[in-house]
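**Student:** Sequence:
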Amino acid sequence: MRLSLLIFLLFSLSGCAIFPGSNEISHLQHWYLDIPLENPNFVSNGPSISVAMPRSPSLLDNTAIYYRQTPHRIEPYAHNLWSAAPAEMLQPLLINQLESSGFFSVVLAAPEAALSSPLRLETELLRLYQDYQQQPSQIVLALRAQLLDVGQQRVLGSQLFQIKLPTQTDDMQGGVTAMNQAIGQLLKQLRLFVIQYLTEAA
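Quick note: the numbering used here has the sequence shown finishing at residue 203, numbered continuously throughout.
In short, the hints are calculated from the structure, not lab data. Computed from a prediction, not measured in an experiment: that's the story for all the values here. Note that beta-carbon positions come from the ideal geometry of N, C-alpha and C, so glycine has one too. Warning: the hint list may mix true and false statements.
[Claimed, not checked] Using C-beta positions, here's what the derived DEER-type ranges look like: (1) 46 / 74: 46 to 54 Å; (2) 45 / 165: 38 to 46 Å; (3) 41 / 117: 16 to 24 Å.
Please model the complete structure; the sequences and the hints are all you need to start from.
**Tutor:** Next comes the structure, spelled out in structure tokens:
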């Protein structure tokens with residue numbers, strides 16, 4: 002009898018760690034940033050630019066997906082992971098946004114191409130989590146961007162992007178869907194940021 006009760010309690014506790022308000026099974030699930038790619042649109046007389054791998058604090062430099070239920074504390078979902086670290090998935094999406102802008106002759110991935118391009122986009126992912134402190138829950142996304150003139154060794158522009166987006170459902174599927182939507186909005190804002198600063202500097 003005691004053994005049966007112990008087993009029941011262990012399974013009950015492990016089930017609660019999946020994510021808030023969920024009764025799903027506890028097998029490991031992997032998620033990714035599924036942003037539609039746009040066709041490249043290069044111009045022969047445009048500048049070239051390199052896109053650095055986004056930096057991130059150690060908390061986000063892994064495959065954990067985070068949520069928040071109380072102030073000043075975020076926690077990882079127990080059985081849900083990104084397929085790669087968010088910063089790693091973000092770089093090719095940044096490159097695609099600049100490739101499709103119709104402004105550049107070539108867009109390169111740094112650090113390999115850092116020395117061959119006069120311009121460089123550097124970013125830092127600061128926040129990405131699902132916040133359950135209100136209903137419906139919302140996605141919190143923050144990223145800092147800097148546009149650099151490599152040859153002149155100066156900053157052309159800097160901006161902090163912050164997006165909060167409500168989820169359609171208070172579960173993992175709703176959270177990841179809203180995270181993808183927030184990243185999509187961020188990419189559009191970043192592209193506009195880069196083009197505006199380069200247009201003003203021309």
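**Student:** Against each hint, give a clear statement of whether it holds in the structure.
**Tutor:** Hint check:
1. 46 / 74: 46 to 54 Å: Cβ of residue 46 to Cβ of residue 74: about 51 Å, so the range 46 to 54 Å holds.
2. 45 / 165: 38 to 46 Å: 40 Å, holds
3. 41 / 117: 16 to 24 Å: Taking Cβ atoms as reference, residue 41 and residue 117 lie about 18 Å apart, which means the hint holds.
The structure shown violates none of the earlier numbered hints.
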